[in-house]
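Those sequence lines, one after another, are chains A and B.
Residues in the first sequence are numbered consecutively from 126, following the numbering used here.
Residues in the second sequence are numbered consecutively from 126, following the numbering used here.
Careful, some of the hints might be misleading.
Claimed, not checked - Pair ranges (Cβ atoms, derived):
# : chain 1 : residue 1 : chain 2 : residue 2 : range
1 : B       : R170      : A       : A411      : 40 to 46 Å
2 : A       : G290      : B       : G147      : 41 to 47 Å
3 : A       : R214      : B       : T130      : 36 to 42 Å
4 : B       : Q199      : A       : E237      : 36 to 42 Å
In case anyone wonders, no lab produced these hints; they're calculated from the structure.
Backbone N, C-alpha and C define an ideal beta-carbon position, used for all residues, glycine too.
There are 2 protein chains.
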Amino acid sequence: MAVYTDITDSELAAFLADYDLGTLHAFKGIAEGVENSNFLVETDRARLILTLYERRVAETDLPFFIGLMSHLAQNGFPSPVPQTDRQGRNLKRLRDRPAALVSFLDGFSVREPLEVHCWQAGYGLAQLHLAAQSFSMSRTNSLGLAAWRPLFAPHAQAAEGLEQGLSARVSNDLDDLAKTWPSGLPEGVIHADLFPDNVFFLEDRFVAAIDFYFACSDMLAYDLAICLNAWCHDATGRLDLVRARAMVEGYQSLRTLSDSEVAALPALARGAAMRFFLTRLADWGAARPGALVRPKDPLEYARKLDFHRAHHAAPAAYGL
Amino acid sequence: MAVYTDITDSELAAFLADYDLGTLHAFKGIAEGVENSNFLVETDRARLILTLYERRVAETDLPFFIGLMSHLAQNGFPSPVPQTDRQGRNLKRLRDRPAALVSFLDGFSVREPLEVHCWQAGYGLAQLHLAAQSFSMSRTNSLGLAAWRPLFAPHAQAAEGLEQGLSARVSNDLDDLAKTWPSGLPEGVIHADLFPDNVFFLEDRFVAAIDFYFACSDMLAYDLAICLNAWCHDATGRLDLVRARAMVEGYQSLRTLSDSEVAALPALARGAAMRFFLTRLADWGAARPGALVRPKDPLEYARKLDFHRAHHAAPAAYGL
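Produce the entire structure from the sequences given, and follow the hints as far as they go.
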């Protein structure tokens, strides 16, 4: 939600001169993404988003992320299209940071998803999984099961400060998850962060997904579990069955889940809640007082963890 | 440089429904203006900027600012055009804040103005002064001479902390300015904040001015003096004669300065430097540690004050 690195018009004009994209007409910093600096760039021929990657994105991962967006776009999935300069490069440098130029996409995200949006998001997620099947690169999920306990340890006390008893509950959850974590399910490239703010709609139809900077190789059904957490819970942490059923149905309209995947969804959803609880907990502690970008509340995901802890053995609670 | 208040798509759609501007296609928060929250809004028919006015803009002043933009646009000056809803209102409310929708303008600001940009900015400023002549509303300059001493008093110690001796120098400057401040010069509506980031260029031609939220009634030549400070000094605080002459010449290509105005320019430039030094000094003290929006350095204007203190009696130093 900010521009961390500003650029000048002359820097941008020089940068654009490497591409066949016309001459600069307008550019504005946009408040999108908490991780990078983003600019809307307009030329006489194209509308683009310029991203300068700040330190939270590992530079060695960028060829995977940008390659994935290119691959998806070439396979009919509406992701931003990375632009290549005259030398065929789609990843360059600006202000001593990695920088990429991608197409601007119409559409806008919904802040309060309805049933229709959940169906469409499920459909879009399956479309992404299918389009990514032929992508040849892979990337380990650095925020998977193995990362959770080391991520929690330095913040266990902070969790206890947020809510009495939370630290012990999370620690028990981590034990449970280690014992019950599914394996052998279909894998592929997953978005891993397809929250409502990363999906664009037009007239309630899924028209684009953005922000592929957590994409990695993992179980496909885990991606759906992340989306169930992100789209289908109410403010108290309860899963809303109407929206959850719509999302799974939208997903299955393109890709049928196996029985094992369906059976694993509650455990995967519990793990997904853990993953976002932990990164939010870590960001919460690292926030500078008074900073304009407020970290997201870890307790939102503590409530979702409560739900999954209570119901993970009851498929009916998930509408399954 | 931030979005202070976020809005949801449903709020925006409901807001847009009051206008004949088509259906929502995209919206993004933009990092423009340190005072308000701004969004790029696109419909199937129009490209717009939505502004939510935060607490630093007095709500009672908004009819003047928005009326001025409408008047300027109607008189051929390229300012954003305030949009009226079906009931004829150009100022509404959203998220419990005053809100206005104006046209999106092509072009981009230059961070390092060259001679040509200074000529064009001078030309644009004169165009603004002429187009505003027939505007019937007026607004006292709340940051004029009378405001400076009260603005300085609570921060005199902070100034001394920034640089030894600065407090006494500024205090003497304030005495000088009170004694020598020009009067009887042509007055009208001035922009009062036409810095490079508030001017858009296309192919080095002035194509738009934005951010009218300091506009007020004052001496026209004072507006030119503000621009000389904002566009024509080098990093050490020295006035660059090439750029200063270009700006005055660009201005006079549309509106000839009287002999009294020319003679008053050094004193007015000294006052303009004081005005921006003082507000930057106040903002510097009020900044929260760690905030993402860094206040501008008051010492940049302390150096310009040094220049004017040394040269205000020597018109040649101003290229006059």
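Evaluation of the provided hints:
| no. | hint | result |
| --- | --- | --- |
| 1 | B:R170 with A:A411: 40 to 46 Å | 44 Å, holds |
| 2 | A:G290 with B:G147: 41 to 47 Å | 52 Å, violated |
| 3 | A:R214 with B:T130: 36 to 42 Å | 39 Å, holds |
| 4 | B:Q199 with A:E237: 36 to 42 Å | 39 Å, holds |
When the structure is compared with the earlier hints, a violation turns up for hint 2 alone.
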